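Peer 1: So you can see what is in the structure, the chains are spelled out below.
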Amino acid sequence: MSAPEQGTYSTAYQAGMREEMERDATVFVLGTDLYDRGGHFSQVNGLGERFGHDRIRDTPISEAAMVASGVGAALAGARPVVDLNFMDFAYGAMDELINQAAKIRYMWGRPVPLVVRASTGVAQGGAQHNNSLQTALMNVPGLAVVYPYRPWDVKGLLKSALRGEDPVVFMMHKMLTGARGPVGGPDELVPIGRARIARPGTDVTVVTYGYGVGLAEKAAETLSGQGVDVEVVDLRTLAPLDVDTVVGSVRRTGRAVVVDEAPHLAGPAAEIIATISDRAFWYLDQPVARVTGAHSPIPHSPVLVDALLPDLDVIVRTVRDVATAQGPVLDPAVGAGAAR
Amino acid sequence: MSAPEQGTYSTAYQAGMREEMERDATVFVLGTDLYDRGGHFSQVNGLGERFGHDRIRDTPISEAAMVASGVGAALAGARPVVDLNFMDFAYGAMDELINQAAKIRYMWGRPVPLVVRASTGVAQGGAQHNNSLQTALMNVPGLAVVYPYRPWDVKGLLKSALRGEDPVVFMMHKMLTGARGPVGGPDELVPIGRARIARPGTDVTVVTYGYGVGLAEKAAETLSGQGVDVEVVDLRTLAPLDVDTVVGSVRRTGRAVVVDEAPHLAGPAAEIIATISDRAFWYLDQPVARVTGAHSPIPHSPVLVDALLPDLDVIVRTVRDVATAQGPVLDPAVGAGAAR
Amino acid sequence: MSTDDDQAGVLTAPAPSAAGPADLPADGPALRDWLGDMLLIRTFEETADGLALRGKVPGGMHPAIGQEAVAVGIARGLRDGDVVAGTHRSHHHALAKHLPPDAVMAELYGKRDGANGGRGGSMHLADFDRGLWGTNGIVGAGLGIALGGALGSSILRNGSVAVGLFGDGGANTGRTWEFVNLAAVWNLPLVVVCENNLYAVETASKSVTGGTSVAERAAGFGLPSHQVDGQDVLAVQVAVRAAADRARSGAGPTFLEMLTYRYKGHNSGEVVRYRTEDEVLQWRSSRDPVERFSARLTDAGLLTPEQLTDLADRARRTIDHAVTVAEESPWPDPSTAAGNVSAWSDSQGYTR
Amino acid sequence: MSTDDDQAGVLTAPAPSAAGPADLPADGPALRDWLGDMLLIRTFEETADGLALRGKVPGGMHPAIGQEAVAVGIARGLRDGDVVAGTHRSHHHALAKHLPPDAVMAELYGKRDGANGGRGGSMHLADFDRGLWGTNGIVGAGLGIALGGALGSSILRNGSVAVGLFGDGGANTGRTWEFVNLAAVWNLPLVVVCENNLYAVETASKSVTGGTSVAERAAGFGLPSHQVDGQDVLAVQVAVRAAADRARSGAGPTFLEMLTYRYKGHNSGEVVRYRTEDEVLQWRSSRDPVERFSARLTDAGLLTPEQLTDLADRARRTIDHAVTVAEESPWPDPSTAAGNVSAWSDSQGYTR
Ligand SMILES: Cc1ncc(C[n+]2csc(CCOP(=O)(O)OP(=O)(O)O)c2C)c(N)n1
Ligand SMILES: Cc1ncc(C[n+]2csc(CCOP(=O)(O)OP(=O)(O)O)c2C)c(N)n1
Ligand SMILES: [Mg+2]
Ligand SMILES: [Mg+2]
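Heads up: the protein sequence lines correspond to chains A, B, C and D, in order.
Under my numbering, the residue at position 111 of the first sequence is numbered 111, and the numbers go up by one with no gaps.
Under my numbering, the residue at position 90 of the second sequence is numbered 90, and the numbers go up by one with no gaps.
Under my numbering, the residue at position 60 of the third sequence is numbered 60, and the numbers go up by one with no gaps.
Under my numbering, the residue at position 156 of the fourth sequence is numbered 156, and the numbers go up by one with no gaps.
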């Protein structure tokens, strides 16, 4: 067997899309600035010429119409991919996504094989282009939410989405656009709903996804030099959540840290901690720590952005603390607050 | 001192609104079918005639325009209340709420004193009128989210919202519309961001909000007959979350159950459990249990709706189990799932 | 009607009287079928409204009494395989698309024999086999689904046409115009129908809708746009058939504003204070779609009094049967309540 | 221009040439100020674009070179206390509203001396004291804020007028038409301006926008609607002043479609393949707003070559200074990054 091809996060998506469009004539993509520009993240670069204007469809700036037309076309038996460019623009199509796409199978027994792709994650671009929609979407029954880290998973998850029956929100982190790695072949699928152990370890589990995986891997490397053996779980899919992989890892290590760039309150990290609490409480030697984004909008200035996000230092420090702490740390001062 | 007046959840809102509109001439309400009908939940009944068409403003069915005009009017120095009738309709105004209202103070230093009111919570009406938007909104920095249970808190929180500086999403549970109770006077405010101990107890804490509070109180009553003394925490505000009250209670009881009708995955219950895990882990005698809605859309048929929601039986059983369980329950079978 | 396929909007808005009634085809049996459908709808809605008042329809309902001609004209202007997507007020469209009244009534009740097993309810009826791509609880949303259906038809080249409905209230919802524009620029086989019954809940649409008419507004989006007398089933059918033919030929979408009226309040039991009883009586006495059509058939010698009685009786019996089915149908199995959400998550079985 | 206050839409769309140029007032100093502002914007944008290419502007920017007349015409058509809310491409509006170029440039850099302390950036500039109610990263959103500003003005009776901007691309976003309709039916003191530069990113707007023109589409929503030559600062100023007067008098909103052009790509550094170099040259050579206006002033004897050189020099020096300020300004204090989010939550101090 030859070594797998290499590609970037973005070319892996292109390749997956091209192969699936060749395999299945009903697959098509719609969104703004796709045909010539190839999308704002090169995600469909070169596909316009190959498949023509009908299958790489440029739309007006009409997010509701984009998603609605995807929903209806999926009901008709086609396999639309709605490319929103930035996930934030889904705010203009929330009803179409949540009240229509996600509920039609449940209400009417008819699956909606729709993929909604968007770039997301915190990067430059200011407050309005850097929202973290993942919790909002995880909490919507009927939606699958994938958020790959490796080029391999981008391609494999896209293929699963395009061969599945139900709506998938396909979130891609902007900061990973050019990241390189191996990419699978035409029939190498990555199942939706399965996390992976990105790095095995015995002392502490770091649960994360997307851009956080690279940070966690780096932290693990640093800590391995300090005698702490870190296991990194890359969720890959946020909904449905792969509870077994997360819980299995934490049961083995007894300690866990969740790394998540979304704003602190009620972000995905909360669900992961709650899941661990539900299913691995008695295996925990220490409380699960969370390293999240601050509960703040994202500013423009790079120094301010950096100050709000989980960075390597904080992660290393937190993971080391969790891995090495012994016994309870009680802080009775806080209890007083409850008296009122 | 005379006994406080009695009122319903809905008339408490009316009274609060009337008093605030009298106190402050810049307060006004906009939304569909407010003037004549008084809103779909009687929430502004009688205010049309009293304050005229300028201050009880009927709008077209234009949710984006409703919220946007509220944002701009707030910036101009007025105090708009945008009444969406049903919270679900906010899906048509998510950008206005999340990218504009919530971020303007942060970006531009200018507070946006906007109240967005809507009825919500699971009731009859089918899949599209029974979404639980609370997690999605809790995770948005810049938004306060209140979700009162008692008429008293409806009025008091509305007053706080209308005298505050920043956007407040005011969620009212449909099933409580006619619920009765005492109502405070013109200057009895309930602070935003403060939970309350709805019922003190020593054995186990139930954390909940909205409709769940009544269920929890009933469960507590049932259990008091069985020798279990339940403390009930009514969050009242979901964002900012009153961590101290929750944590303080759990530190005292050592056991907790979260009751929440939102869909299971990544609902508000997850954040509450994560918060307890963050701050009260060493005080826990048992893992926190969650009793949530199933991870499913809401159907039409009442028997199906009932099957999906936390009901008294499940709550009583769960709280009793958590209150009385001794020592660890290990379930090593699950760990196997992590091998893949 | 114009079949101008210019991208620019063309607005023809004859007053219904000025345009004169469409010619009546001589096909008596077919036209009596139409009338039968209209009577069926009228009987269904009056019965269901009464049942809703007695608490039999959880969550209540939005009756379409008075709007029968719109539904039957649309359904009869389409072919098998064509698609209709409705609004929150769309029992009439479901019945015109020949969903079994039993199944519709049982769905309103939330029973197991309902068209959607009790999951949908009054606002969320669907039957994909019969071309009803859902009635919809969200203002404007049905049109979006129809838009997508039309896109699917164009991608899959299956020759079907989609009709998307919205109300005068929906003319002020932004998504509506995104949908209209996209259909126009992509030349999709879509017929956009605004069912203008003058009110959105208690709001007179004139008071919150800028411009001369919804049809004129639509013309600005670059598709042919017409007003149609929605109380004349034949006018509706002719307009829809022409628009569907045009769409099927590849010439793109058409916008039809149908002028109609609902006799009841917004929802069953609503106390109506926002319009005069006189206004309602005017519409009922002079423009009732059932009366007008049966009179017209009678005048043309295509309907005898016996035939009319027979149709009305048949409607009554059918609906009585539907009520019996709905009453006797069991509740859905509660253990199924959280199933069939998504193939991705069903296996997950989240605890709660 | 028409000041028809009929609710119905009135579309007057003279070709810019047909209408002929507006009369030039004889106020030399004031007009030279306008030209100075246009030169300042041109210089700012060319400089900032170059800096963005060198990585000085985190996230890049959307230059408005070629659209100077729109901004200056609007600002000069308004009074103090009037409000402008812009789009993602709105440095020109910020400068025309007299935000200090230092503060704008430092904001682009993300520095402490930026107009918004480095929190906003190129797409999110605001200065409430100077009536700039934000430029906006979301297509259509600025118009919504202006709509609300107009509502606030009407509630508080403060006599101010709001101008809301959007691009040709924003003409296909549903929210835009909700905003226009609400302004029309509430008769708000709003001037809606579509800055039509023919493209939305790489998409020729004609290809995705149904109907004859954006102005005609707008007329269907029941407000007076006009096309304006956006390359003629005087035509813009006259149209805006008339619309603002009309709004201030209580007669309601006006829609203005301004025909303009951006010389650069959508964002700094974009490789432009979707239009010909020739097209750009045509606009530059025959309709450049700065050239046209300075020629006109020169012809009228209101501008000497020395005065022009002086204005250009002054613009250059001002912008050079702005760059120095931006370069030398310190970064904002990282410890402030999560502060001033909301008075409700700031005290909470969530750990992370
Ligand atoms: C987006 C949205 N906003 C508000 C509502 C609440 N609502 C349901 S029906 C209705 C009135 C609709 O009026 P119209 O479109 O004229 O239809 P009609 O009821 O007259 O058939 C409203 C406001 C909704 N369902 N969806
Ligand atoms: C709702 C939304 N959708 C998409 C985008 C991405 N986007 C930013 S600018 C732009 C093009 C806007 O074109 P136009 O309105 O003509 O303004 P111009 O850039 O020409 O000034 C797009 C698609 C956005 N910012 N907001
Ligand atoms: Mg109506
Ligand atoms: Mg443009």
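Wrong hints could be hidden among the right ones.
If you want a taste of the chain C side facing chain B, the calculated C-beta under 7 Å gives, among others [said to hold, decoys possible]:
#	residue
1	Gly174
2	Thr203
3	Ala204
Chain B residues, not near chain C, derived (Cβ > 12 Å throughout) [unchecked claim]:
#	residue
4	Ala15
5	Arg23
6	Arg37
7	Ala64
8	Gly109
9	Trp152
10	Arg163
11	Arg180
12	Arg199
13	Gly214
14	Gly225
15	Leu284
16	Ile298
17	Asp306
18	Leu309
Derived by calculation from the structure, the hints in this document are not laboratory data.
In this text, all values refer to a predicted model and were calculated from it rather than measured experimentally.
Beta carbons are placed, not taken as given, at the ideal position from N, Cα and C, and that holds for glycine.
Peer 1: Determine for every hint whether it applies to the structure shown.
Peer 2: Hints, one by one, checked against the model:
1. Gly174: holds, 6 Å
2. Thr203: Given a least distance of 6 Å, the restraint on threonine 203 of chain C holds.
3. Ala204: Status violated, d = 10 Å.
4. Ala15: Holds: least Cβ distance 23 Å, greater than 12 Å.
5. Arg23: Given a closest Cβ separation of 28 Å, the condition holds.
6. Arg37: violated, 5 Å
7. Ala64: It is violated; alanine 64 of chain B is separated from chain C by about 6 Å at its closest Cβ, not greater than 12 Å.
8. Gly109: It holds; glycine 109 of chain B is separated from chain C by about 30 Å at its closest Cβ, greater than 12 Å.
9. Trp152: holds, 29 Å
10. Arg163: holds, 31 Å
11. Arg180: holds, 22 Å
12. Arg199: holds, 23 Å
13. Gly214: Nearest chain C Cβ is 19 Å from glycine 214 of chain B, so the label holds.
14. Gly225: Answer for glycine 225 of chain B: holds, closest chain C Cβ roughly 26 Å.
15. Leu284: holds, 19 Å
16. Ile298: violated, 9 Å
17. Asp306: Label violated. Min Cβ-Cβ 7 Å, cutoff 12 Å.
18. Leu309: violated, 9 Å
Of the numbered hints given earlier, the model fails hints 3, 6, 7, 16, 17 and 18; all others are met.
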